[in-house]
Amino acid sequence: MDALRLPARMEYLETFRSYVLEKAEKWGIDQETLFKIELVLEELLTNVIRYAYVDGGSGDVEVECSFQRDNRFYLSIQDWGKPFDPLQREDPDLTKGVNEREIGGLGIHLVRQMADQVSYNREENSNKVHLCFQISTVCT
Amino acid sequence: MQVTFNKEGNALVVAVKGRLDALTAPDFESQCSSHIEQGHVLLVADLTELEYISSAGLRSILQISKKLKQEHGQINFCCLSGIIQHVFSISGFDSMFSFHDSVAQALLQYER
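As given, the protein sequences belong to chains A and B, one line each in that order. Sequence positions in the first sequence follow the numbering used here and run 1 to 140. Sequence positions in the second sequence follow the numbering used here and run 1 to 112.
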């Protein structure tokens, strides 16, 4: 697996985005799945950037991706900040009206909806989220 | 991201081009807010050229909408592409707002 590790700061969002999308495009992944990958990546990275290191200053985030012969695109995002399991987060109430709707919580909801598989593990003081996207069409 | 504002009758058409993400959404929100503060409270968001939206973009839309409600205004949407429509739908936005196939249809809602 290829990986890119950089400080968890907003200014590197674009670098991570190009890193993953260039690979995914090279592997011929269709536009719809590219959109989903990009969305999931942004949601998880901004989460790490905003919340992972709030107590202890700054730290890194590492993104890995690979495309397997089983037509699956694998993405993982790791940080060394405070424990956060996105799978434990409660979904926002999507039935509320404009006035009642809370502003937060949508990002993780989108991650769970867009990726075909999401798993989380806390290992050696780090959070690692693994994601898998089933590719239906590979453009050649 | 590029936003163009066009006054059409009593409504303001807001055409968004490009990406509404964590980097661009704050700018989109503040541009819309300043128009709302100038008294434009009936908005049509024309999303024909919107290529990408994340939760940051959705949050900015929700904030704008909350602000409009306070001013007794409203926002409705038109011309969403398939994947953008999908993001709106799984976020529960399809039950909060009205969606149309063209700017003209969206404007009809505001005709007195």
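Please note that the accuracy of each hint is not assured.
[To be verified] Lysine-lysine pairs mimicking BS3-like chemistry, simulated, CA-CA at most 27 Å apart:
#1 K96(A) / K66(B)
#2 K17(B) / K26(A)
#3 K96(A) / K7(B)
Since the hints were made in silico from the structure, they are not lab data.
List in ascending order the numbers of the hints, as given earlier, that are violated by the structure.
3
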